[in-house]
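Participant: Which chain is which? The protein sequence lines are U and C, in order. Residue numbers for the first sequence follow numbering that gives the first Met the number 0, beginning at 0 and rising by one. Residue numbers for the second sequence follow numbering that gives the first Met the number 0, beginning at 0 and rising by one.
Fair warning: there could be bad hints in the mix.
Unchecked claim - So the derived label-pair ranges between C-beta atoms look like this:
(1) U:Ala317 x C:Glu187: 58 to 64 Å
(2) C:Glu197 x U:Gly184: 48 to 54 Å
(3) U:Thr213 x C:Gly73: 34 to 40 Å
(4) C:His136 x U:Tyr211: 26 to 32 Å
(5) U:Tyr211 x C:Glu187: 46 to 52 Å
(6) U:Val345 x C:Pro56: 27 to 33 Å
Keep in mind that the hints were calculated from the coordinates and are not lab data. On a predicted model such as this, the values are computed, not experimentally measured, just so you know. By construction, the Cβ of each residue, glycine as well, lies at the ideal position given by its N, Cα and C atoms.
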Amino acid sequence: MAISTTTTAGGAGGDDPEARATAIAGEAPPAADADRLTIADRTGLLRRMLEMRGIEQRAMTLYRQGQVPGSFYDGFGQEAVSAGAAFAMAPEDRLCILHRDLAAHLIRGVEPERIFAQYMGRMSGLTDGRDGNVHFGDHRLGCVGMVSMLPDMMLVAVGMAMAFRMRGERRCALTWLGDGATSRGDCHEAMNWAGVQRLPVIFVLENNQYAYSTPTRLQYAVDPVERAAGYGFPGVSVDGNDVEAIFAATLEARERAIDGGGPTLIEAVTMRMHGHAAHDDMAYVPDELVDHWRGRDPIELEERRLVAIGVDVDSVRAEVAAELEQALARAREHPMPAASTAGDGVFCEGKAQALGDGLGPWSGYA
Amino acid sequence: MPEMTYLQAITDALREEMRGDERVFVMGEDIATYGGAFKVTEGLLEEFGSDRVMDTPMAEAAIVGTAIGAAVVGMRPVCEMQFSDFVACCFDQLVNVAGKMHYRQGLAVPIVIRLPSGGGFSGGPFHSQNPEAWLMHAPGLKVVAPSTAADAKGLLIAAIRDPNPVCFLEHKNLYRRIRGDVPSGAYETPMTARVAREGDDMVVITYGGMVWSALEATEDLEGASIRVLDLRSLVPLDEEAILEAVRECGKVVVVDEANATCAAGAQVSSVIADRGFEFLDGPIRRVATPDVPVAFSPSLERALLPQVEDIRETCRELLAY
Numbered sequence: 000m001a002i003s004t005t006t007t008a009g010g011a012g013g014d015d016p017e018a019r020a021t022a023i024a025g026e027a028p029p030a031a032d033a034d035r036l037t038i039a040d041r042t043g044l045l046r047r048m049l050e051m052r053g054i055e056q057r058a059m060t061l062y063r064q065g066q067v068p069g070s071f072y073d074g075f076g077q078e079a080v081s082a083g084a085a086f087a088m089a090p091e092d093r094l095c096i097l098h099r100d101l102a103a104h105l106i107r108g109v110e111p112e113r114i115f116a117q118y119m120g121r122m123s124g125l126t127d128g129r130d131g132n133v134h135f136g137d138h139r140l141g142c143v144g145m146v147s148m149l150p151d152m153m154l155v156a157v158g159m160a161m162a163f164r165m166r167g168e169r170r171c172a173l174t175w176l177g178d179g180a181t182s183r184g185d186c187h188e189a190m191n192w193a194g195v196q197r198l199p200v201i202f203v204l205e206n207n208q209y210a211y212s213t214p215t216r217l218q219y220a221v222d223p224v225e226r227a228a229g230y231g232f233p234g235v236s237v238d239g240n241d242v243e244a245i246f247a248a249t250l251e252a253r254e255r256a257i258d259g260g261g262p263t264l265i266e267a268v269t270m271r272m273h274g275h276a277a278h279d280d281m282a283y284v285p286d287e288l289v290d291h292w293r294g295r296d297p298i299e300l301e302e303r304r305l306v307a308i309g310v311d312v313d314s315v316r317a318e319v320a321a322e323l324e325q326a327l328a329r330a331r332e333h334p335m336p337a338a339s340t341a342g343d344g345v346f347c348e349g350k351a352q353a354l355g356d357g358l359g360p361w362s363g364y365a
Numbered sequence: 000m001p002e003m004t005y006l007q008a009i010t011d012a013l014r015e016e017m018r019g020d021e022r023v024f025v026m027g028e029d030i031a032t033y034g035g036a037f038k039v040t041e042g043l044l045e046e047f048g049s050d051r052v053m054d055t056p057m058a059e060a061a062i063v064g065t066a067i068g069a070a071v072v073g074m075r076p077v078c079e080m081q082f083s084d085f086v087a088c089c090f091d092q093l094v095n096v097a098g099k100m101h102y103r104q105g106l107a108v109p110i111v112i113r114l115p116s117g118g119g120f121s122g123g124p125f126h127s128q129n130p131e132a133w134l135m136h137a138p139g140l141k142v143v144a145p146s147t148a149a150d151a152k153g154l155l156i157a158a159i160r161d162p163n164p165v166c167f168l169e170h171k172n173l174y175r176r177i178r179g180d181v182p183s184g185a186y187e188t189p190m191t192a193r194v195a196r197e198g199d200d201m202v203v204i205t206y207g208g209m210v211w212s213a214l215e216a217t218e219d220l221e222g223a224s225i226r227v228l229d230l231r232s233l234v235p236l237d238e239e240a241i242l243e244a245v246r247e248c249g250k251v252v253v254v255d256e257a258n259a260t261c262a263a264g265a266q267v268s269s270v271i272a273d274r275g276f277e278f279l280d281g282p283i284r285r286v287a288t289p290d291v292p293v294a295f296s297p298s299l300e301r302a303l304l305p306q307v308e309d310i311r312e313t314c315r316e317l318l319a320y
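For reference, chain C alone in the conformation it holds in the complex (with noise of 0.2 Å):
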């Protein structure tokens, strides 16, 4: 099984679907000759030619308007958002076209929306932040965020298949810095959570690229046996995993990368306390940004992005309780 990173991952979920499936087609700012912002379509030019990974005006709404268009007529665009935070020039024909078109019309639209997204490295207020909530909460679309590079090549292969609008969230900070075993061939990722790590004193929920602050912040807690459960998708949430999860482990942490108002963390302790109240053995605590812009210079972004240290201290407290 080849090893590859987080992002190669990614080109290789495109290029399987690409070559199995003739309506599969890449669209989006500088994607073709320039091989996309972080290079995650480098290549595919190549390969599949100018049509099929298509260099688009610099026009978000357009992107995901016509790609709506092309999938009603049998195609299935693949969209690039340069950053995960121009979602909101498009969110209109997100929210408004693509998601509301199968119940008002019964008429299905797959397409994916490929979201680079999350900060850590000085990317500021525009090139920062985890849209997930917004779309989270518009009706018809689904919302995955793989941590692990097979994980991102199975979910995307699956987005692509959908037959619904997929709002696939890969974390910028995985990119080149996650590594890890992945399949070759197509297989598709179920849309479910994962345990990351198995234990049973607490968990910690959480998606993305916290999966691996909560790793981290957890791997030697005072010799706790702590598990994390990794979303892989926010819509549809997996309930009963979480549920299962708070059953076994009676303590729950969540973490969000996002702001903390409405956020998927949000929800899940939503879900937790509505349906997990008598399984809990102490409070839902929640780490996640607090409701401010992702600043720019490190010592700012640091105190604003739950850092190792911040959901270790947390945990630490809960254990305690």
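Excised from the complex, chain U in its bound form (with noise of 0.2 Å):
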């Protein structure tokens, strides 16, 4: 696998960004581990990708006919990054799913009709219109929905991760953060804290180059998979468009982690090849950075793998088109959340429900 334990200078690439996502996507295609993953299990990862990329194409056409409201936000090009650590997850741990991340939902098992009812503001049993469209996660399927403000959820699943340990528990949490994320303050304190008490948990660092507008180099002195040293723990980087590789490296550091060996950081360097939003044209990144991972597309890369075993990577596709299909045609029937209803909910007036475990048929690899 292509994975380098960073305790050198930066890397592939050294300490210059731009020139470390390059030499990364250059590389050939890592083999697959075939003793860890089946056939079954490399076609359910394509397909969860094709899943969210369906999906979020589907959403952004709907965006543009007014019936997704406020903005749209999707994770093209990126969608190895959720796909392959969520797969590497048991149905007892816990994740924290940031806005770029749909895969990690699906796997979890949240159906494509719900998501798309989310995004229109319907009824979903998701968050019932209440929140922004990417915000959200099921919680009965273990999963706590982000917030706007980044790198929040960190904290969330470093304390996730304190309470497995109290109680002994052989389980695991996990988040995805951003480049941007690593600038704020509880990025630090959540770091720190997972280093100092050695917990089970795992951050994936998306590496997608852009904080909305910023350029990485704007964002960050060193590289920060080399702060995971700093902090007591493992720092990886992998390519974040294998979704073979960032599914083995996430494995390794669960393993780790319920086994008492402490946290991990994972950087899936990759590119985020649509704006920020939907409104974003993105004209402030370079076209030749563009072009350049759009040679890269994480799904045409595990396609070919597939086809070359004999997958039939068409039937797969057509298939997902189809249920995508389906999924919108009942999303459109859930009704919109009646007006009477917008103030309930503030507080829970019942019991306090723990998080639920994940229910899809790929959310226990683990």
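Hints given; two lone chains; assemble the complex.
Facilitator: Structure, rendered in structure tokens:
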């Protein structure tokens, strides 16, 4: 697997983040981990990535048609990061999922129909129209929905891991974070706390080169994967467009975590291929950078691998397309929330229910 | 019924709940080995061990953020801010993560944040604040502020058992000054107002440390019968008790130790103006700290924080209205 522990100067590409991204991107696709992943697993990973892309492409259209209110944020080109990491977790693990990580929701068992309904502000069982389209997490499936203030969820993940350790449970918490989030204090507080208490938590740094319009060279002086050593735990950098590489790095981190080995920071180097949100044409991104990453599409990369071992990826694509058309049609049947309920639910009136387990057929690899 | 200080009653509540519910644990800066800056958690480490009485890094956002994480996987964390002023450092976690979670996702966040608050001892601008209005303004947070030892225990137990984030304001100036009979065992005090003293010529509405100032100020005021209403809870706010007091007394003084603008007392005054106007026999009068940081030097601090004489003078003026 193409995993480099970054105990030396910046890993591939040295300290220049753009050169580093280019260097990693230019590597040949790593070989699949045949011992770990069956063909069914790998097809499942591809399928989740195709679903993520298909849902987001349809949602972008819905947004332009005025059927998705607000703005719309997608993870085009980053599908491997959430798919690979979430796939490596166990149903009893807990996740804080961010706005470019849709595949993680799918892996935990959230149906595309409910995701479309959520995007359109309809009753979905996710937030029932109360929170912005990508801000959700199905707590019954072990997920906490993000807030806009990044990286707040890192601390929540650390707290979940702290509870697991206090209770002596072999479970793990995982959250994603972006390159921009590494600048805020909560990121430091979370990694420091996790290191001090050696907690079973995994931080997946989704380094997509831009925080809105701000490139990483204006965000940090040293690649943040280097910081892990300063907090006393491993930092690894992987090709963020290689779903199997992310899976393998996460699985290894999870094994270390539940064995008492403490946290891991995984940097998934990738590229945000769309603007920050639907309104953003990202004219600030150099064309050559986009062109370079377009040639490294994570879905195409995995498809090439599967085709080589005889998987009929065209059929998978066709099945996903049909599934999503049906899901969208059903989502349109979900009612809009009644205005009379706008004030409901600020406080919990009954008993507090803890997060549930992942229930998707793919939410239990580990 | 044993007599104990306000501080001992808080410790007693923590001990009762930790004995009765293994999900309950306490966390904060210097609370374990040292027993807390005010010694509220003294002795708990020996009884419950370092997992359940946790010294944390000096990181307030992390204290609240990790408490949220622990709570949503089934624990019942009780966090200590060393001083309530430091809640500013974790405001984002409290307001945006904890406060909105249930509304957004139907996920309850049963955490308690203990906030040693208030001035009167030259703590200066960063160790004397009363931050309740910040918290009241954030949907999804409950805010309670006991004034007696018995209520400190009962409200803290109620807060720990509540499925929502509860900010528990414990006034530092009451810790060792106020004593009272405290029932043994676990009990919950409701998050409603209490009549601290009966009366029907006028009512002073207040909470926390100012309850005692109000009682002293109105104990013998030209023979008038002056009620003191102790709010105990600011969110939820007991509007019916407020309106009942106004209806029965006709004249109202509202006292905050906090800065005046948008204070709890401003909200109380608004409720009265909106729903109790016809019961009023005079203007609603307020006593509060001006919108100035709490100064260090005793002469300046006294000039800023409401003193017994300030409350008495305002009451005297209103009685004569």
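Participant: So, for every hint listed, does it hold in this structure?
Facilitator: Going down the list of hints, with the structure as the test:
no.: 1; hint: U:Ala317 x C:Glu187: 58 to 64 Å; in the structure: holds, 60 Å
no.: 2; hint: C:Glu197 x U:Gly184: 48 to 54 Å; in the structure: holds, 50 Å
no.: 3; hint: U:Thr213 x C:Gly73: 34 to 40 Å; in the structure: holds, 38 Å
no.: 4; hint: C:His136 x U:Tyr211: 26 to 32 Å; in the structure: holds, 28 Å
no.: 5; hint: U:Tyr211 x C:Glu187: 46 to 52 Å; in the structure: holds, 47 Å
no.: 6; hint: U:Val345 x C:Pro56: 27 to 33 Å; in the structure: holds, 32 Å
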